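J.: Just need the whole structure built from these sequences, with the hints factored in.
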Amino acid sequence: MDLFLQYLANGVVIGSSYVLVAVGLTLIFGILGVVNFAHGEFYMLGAYAGVTAVTLFGMPLPLALAVVLVFSALLGFGAEAILHKPMKNRDATSSIISSFGLAVALQNAALLTLGPQPRLLKTEFSTIPIELGPVFMPLQRALIPVAMMVLIGALYLILRYTWTGRSLRSMSQHATVARLCGVRVERVAVVTFMVGAALAGVAGFLMSSVFMVHPIIGNMIVLKAFTVVILGGMGNILGAAVAGLLLGITESMTSAYLANGLRDIIGFVIVIAVLLFRPQGLFGKAFERS
Amino acid sequence: MLKLDNIVAGYGRTRILHGVTLDVPKGGLVALLGGNGTGKSTVLKTIVGLVKAQEGQVTLAGQIINDVPTEDRAALGLSLVPQGKEVFGGMSVEENLLMGAFHRRRHRTEIAGDLEGVYQRFKRLRERRNVAAGMLSGGERQMLSIGRSLMARPTMLLLDEPSAALAPRVVEEIADAILALRDLGLTLLLVEQNVGMALDIADYIYVIRGGRIAFEREVGDGVAMDELQEFYLGGKEHA
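So the sequence lines, in the order shown, correspond to chains A and B. First residue of the first sequence: 1, per UniProt numbering; consecutive thereafter. First residue of the second sequence: 1, per UniProt numbering; consecutive thereafter.
Keep in mind that the hints were calculated from the coordinates and are not lab data. What you are looking at is a predicted structure, and each value in this text was computed from that prediction instead of being measured. Even for Gly, the Cβ is constructed at its ideal location relative to N, Cα and C. Do not take every clue at face value.
List time: in silico DSBU-like cross-link candidates among lysine-lysine, alpha-carbon distance up to 30 Å [to be verified]:
#: 1; chain 1: B; residue 1: 52; chain 2: A; residue 2: 85
#: 2; chain 1: B; residue 1: 52; chain 2: B; residue 2: 26
#: 3; chain 1: B; residue 1: 123; chain 2: B; residue 2: 26
#: 4; chain 1: B; residue 1: 3; chain 2: B; residue 2: 52
#: 5; chain 1: B; residue 1: 3; chain 2: B; residue 2: 26
#: 6; chain 1: A; residue 1: 88; chain 2: B; residue 2: 52
Derived DEER-like restraints, expressed as beta-carbon distance ranges [as the list claims (entries may be wrong)]:
#: 7; chain 1: B; residue 1: 55; chain 2: A; residue 2: 158; range: 40 to 46 Å
#: 8; chain 1: A; residue 1: 158; chain 2: B; residue 2: 72; range: 23 to 29 Å
#: 9; chain 1: B; residue 1: 72; chain 2: A; residue 2: 280; range: 35 to 41 Å
Derived list of chain B stretches under chain A, where covered just means 3 residues or more per stretch with a C-beta under 8 Å from a C-beta of chain A [to be verified]:
#: 10; region: 74-83
#: 11; region: 95-107
T.: Here is the structure:
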């Protein structure tokens, strides 16, 4: 039982990172219809930005977090200009190709400039242990779910109670009527990409104390995030949040009780099952797309 | 107030409108009648800028607006109540109404007052203010669409088939609501298939057929139904 709780906690930590990446991905898909294969690169570059801020400039963790947020949002701004704006009047599938191209370009740029050697983040919080009953982990790791809840909570409040948030939601539900109301598609696109990239970048940074950072970490995380997006129902933010945590916990339990090698497979098995029996996703019905 | 001057428009290479001219005077309630596929929806889309006019001019209050983007036309006082009671289904009734005021979102107190005004006008909407708009009935959605447009403080209101797919009793309710809007001083262009409703409330009618205005006439001096039907269903050409 004690071990079970530890596995559960580990699953929540990993799952929190999936939530952060997947919510941005589902937001970009739900509002703009863009399938962003370069989303994993926001995660990767956010991780490098954070590791650099801490190790090279000696920033404390909270400051580094702020730097990563801003840096990743700017990255999202640039990505929108490159892979969404020029494709505006094209078929939705063109975004798949252009984002895939951007992903490859960013990975190789990172490989060229930052090198292939993996890095691990160590901060002042890495050595402080946290004990909650039988569950044990370094403070830095425990902060990941906390940061996730704060950020997703903030996003929820923004979407719900601000004009910007309402304009984003209206665009996802009925783009033409939103335009008739005076909502500018271009501005919504920029904001959406910036938010999505910022969330993914923060996830990358936070996870850099758990997994090694290298130029192709984005590949696996974007596949996991797509898994979560499909499970949660395409474009469903709440669904992505729940599905992200579920996937993290499922993976943790699989590696603990079945076999570690199955850990990365289990999510895809679930996706295939869901697509076969409930193609709208586990929570697809709660969200109406008109 | 609103003038279309010899508008030619369509989608890609397909031309739908072949020179449409019409005039909605300030304070007037003009109806544009036509069956399916006659181009009446395209007229509205051209007015709000969703379809670009290839030839001709759209003039609003003396200003040529051909090149004004759709997003900026609400701020000019032009508002469309779209067809099919289209609402933001996952957002609450109140959020839908607020979206109507998006282009003047800085004026908080004004917006609160206007919201109250819409709730006064459509009491059902106040009762259902926190309900997701997707859960509303057809008639309620139509009211919500009109309410959302009113939140934009329009001077020129376009209505795309407000009576479509509604029960006769609800159509009457909507007709009353439209008349009340005219009494408010709004200028209205009503696009309809429902000839009866249009003749009841409009003071001038145009009939569109094959992308051209086939017939126009003032209402009131008794437009004979059969005369109108002849143009509506086909037959005579525009004199």
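J.: Output the indices of the hints that this structure fails to meet, ascending.
T.: Going through the list in order, the structure violates no hint and respects every one.
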